[in-house]
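Chain order of the listed sequences is U and R. In short: position in the first sequence from 1, add 2, done, that's the working numbering. In short: position in the second sequence from 1, add 61, done, that's the working numbering.
Keep in mind that the hints were calculated from the coordinates and are not lab data. Ideal Cβ positions, reconstructed from N, Cα and C, are used throughout, including at glycine. Just so you know, nobody snuck in bad clues.
Mimicking SDA-like on lysine to any residue, the simulated pairs with C-alpha atoms at most 20 Å apart in a straight line are:
{"#": "1", "chain 1": "R", "residue 1": "K143", "chain 2": "U", "residue 2": "R169"}
{"#": "2", "chain 1": "R", "residue 1": "K143", "chain 2": "R", "residue 2": "N132"}
{"#": "3", "chain 1": "R", "residue 1": "K185", "chain 2": "U", "residue 2": "E151"}
{"#": "4", "chain 1": "U", "residue 1": "K100", "chain 2": "U", "residue 2": "L141"}
{"#": "5", "chain 1": "R", "residue 1": "K185", "chain 2": "R", "residue 2": "S217"}
{"#": "6", "chain 1": "R", "residue 1": "K143", "chain 2": "U", "residue 2": "E113"}
{"#": "7", "chain 1": "R", "residue 1": "K143", "chain 2": "U", "residue 2": "I77"}
{"#": "8", "chain 1": "R", "residue 1": "K143", "chain 2": "U", "residue 2": "G109"}
Covered stretches of chain U, as calculated for chain R (at least 3 residues, CB under 8 Å):
{"#": "9", "region": "15 to 26"}
{"#": "10", "region": "41 to 53"}
{"#": "11", "region": "70 to 82"}
{"#": "12", "region": "150 to 160"}
Only some residues are given here: those of chain U computed to face chain R with a beta carbon under 10 Å:
{"#": "13", "residue": "T9"}
{"#": "14", "residue": "T12"}
{"#": "15", "residue": "I29"}
{"#": "16", "residue": "L60"}
{"#": "17", "residue": "R61"}
{"#": "18", "residue": "A64"}
{"#": "19", "residue": "R65"}
{"#": "20", "residue": "T67"}
{"#": "21", "residue": "E112"}
{"#": "22", "residue": "N132"}
{"#": "23", "residue": "L135"}
{"#": "24", "residue": "E139"}
{"#": "25", "residue": "V140"}
{"#": "26", "residue": "I147"}
{"#": "27", "residue": "R169"}
{"#": "28", "residue": "F170"}
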Amino acid sequence: MSMIGKTSVTIATGAFALFSVGVFAFIVFETNNENRLRDAAMATQAQSSARDAYTGSLRILARDTAESRLALRAITADRDVVSLIQLLEDAGAIAGVKVFIDAVSSGEDEEVLQSAVVSISATGSFNQVNHLLSLVEVLPAASSITHFELERENATSQNWNVQIRVRFLVEDEF
Amino acid sequence: MANLLSVEQLRIRRTEYTNRILTGSFIIIAAASLIASLALLPAYILIRFERISLESQNQAIAESVSLSESNTDRDVLIDARKRIEAIDKTLHNTGAVALLMRTLIERRPEGLRIQSVQFTSREKNTTRISGTMESRAQMQEYIAALSASSLFDSVSVPVSALADAADGIFVITASGGTGL
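One chain only, chain R, in its complex shape (with noise of 0.2 Å):
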């Protein structure tokens, strides 16, 4: 098919017919934009006053909580604590001592007479007990009768005092056990 139109009119056309479609696609464009930011706008407005409300609370928030005063509720609290356990650390040996004379005593055999009686508190608590005798055997029976006693970790009689068992003196030490 031969064309009619001259070179000249053929470009014109052409022109004419893009700009058309670009005016086209321009006004799509920027309907579509347009469409989109006003659809968008309701969203961002919302977000923003929600952002704006959440820091004036977040404001307030800070400004009702002082913070040097929740840091001395917390100071006397931890203060109070600490004197609590040491107190408790303290005391948590009441009583221990006169258990500890009461068992001494209540626990001699006939005829073992009690000369002196040690007693440190540490990390383990010991307990020396010296006196005289009239024979091993007291001795051997006192020792059994301070190990039944649930005071004593450990009862016995130190090397050292070995010998002075046949003069009639004994020694004897105890250590650690519940409530000591």
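Just chain U, same shape as in the assembly (with noise of 0.2 Å):
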């Protein structure tokens, strides 16, 4: 072979060695990249199993909570300005007197719900007064005895005079 062929062979073999290095870079290059994709995509399976579980927990809570939270809810619902009057009259009419409705205002609210604040005022004797403020404090709604002023008509009287500020939870304002 003549000395122009062995060149040409030591150049096409040349060649083909940085062929076959630049095939070699290149797959390690793709690897490389691969494997940072890869890395990339466990993460973010990682985060969605994790969210996965927190939504699957979250629709489990809601699910098996559903019926407590209709019940939570009826304390509340449908608790209009008539049926609360209707429910300290009611209170009047079991503790024997009966009960004047003064005031009835929007109270302080809460993040989720709105109060109501009724003013009542009634006269009896102490004991049924007093039974009163009992029967107040217990009605099937979620209220409190904000204030209440109990006082004896006069000094020789039997009848005391009682003002009841009753603060109610609603779903919505008056």
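Join these two chains into a complex; the hints should help.
Encoded structure:
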């Protein structure tokens, strides 16, 4: 083989070696790239799985508490001013005194609920007004006595006047 | 030792050797590169398939989880918790007024007449009791009896009401305490 032919073989071999190194470099680069993408996909899957577990537990919790939440909502649902007044008047009837509604106003609101303040007054014997106080305190509603004034009508009277301010939790503002 | 080759032959021979060395080196490099590439190829293929599989799984998970649905679940649960807190805050005093009235009546000394009771439930609940008495000792006895109750943190006579005590009128204020 001539010198030129031998040199051509060397050049061809060199080119092939260069190509082989290029292929190797390409595979190394692509492997690294795939590895990086796989790590990212694994991280995403871990996050997705955690989110899936979280949303799954939320769904289960929401499903398991559905009845309890309905019962919870029922405490404050359908409580309009008429029904609240009716409750107070019924308490008065049980205690044996006539309840007068002095005022109805909006109270301080909670985050998810509104409040209404109903002021009532009544007159009766000490036992009657004390009974009324006890009944108003345990009305079948989300309510509490925020203020009351109990006063004997006069020094010799057996009658007592009571003014009670009751705060109710309601769904909607009056 | 004398070189028997001519200069031209020597150059040709050197070129030939150089070519051989270079060709040999290139073959070694090419072979090493090809072997290394072949060794890496399965790893590349495995990683690539794993990556594609993971991405398809992630897509399936993302499609199965409705973000708006989970937000709705979370919102209704937060709403329920806030309702419980609000209702608990409102109802925690339940029974306190009845207990207060019973305490005021049961601990009242003989001869002391209650004319009025005022109760206000705020951050610190306050109760104001007023009435008539036969002697200051009765008021002191009543204050001591109320102070002994776990319902109140403090029981006192307002300074403004001290003068009335001489006329047989007492005023007592009580505040705070467990259950109130």
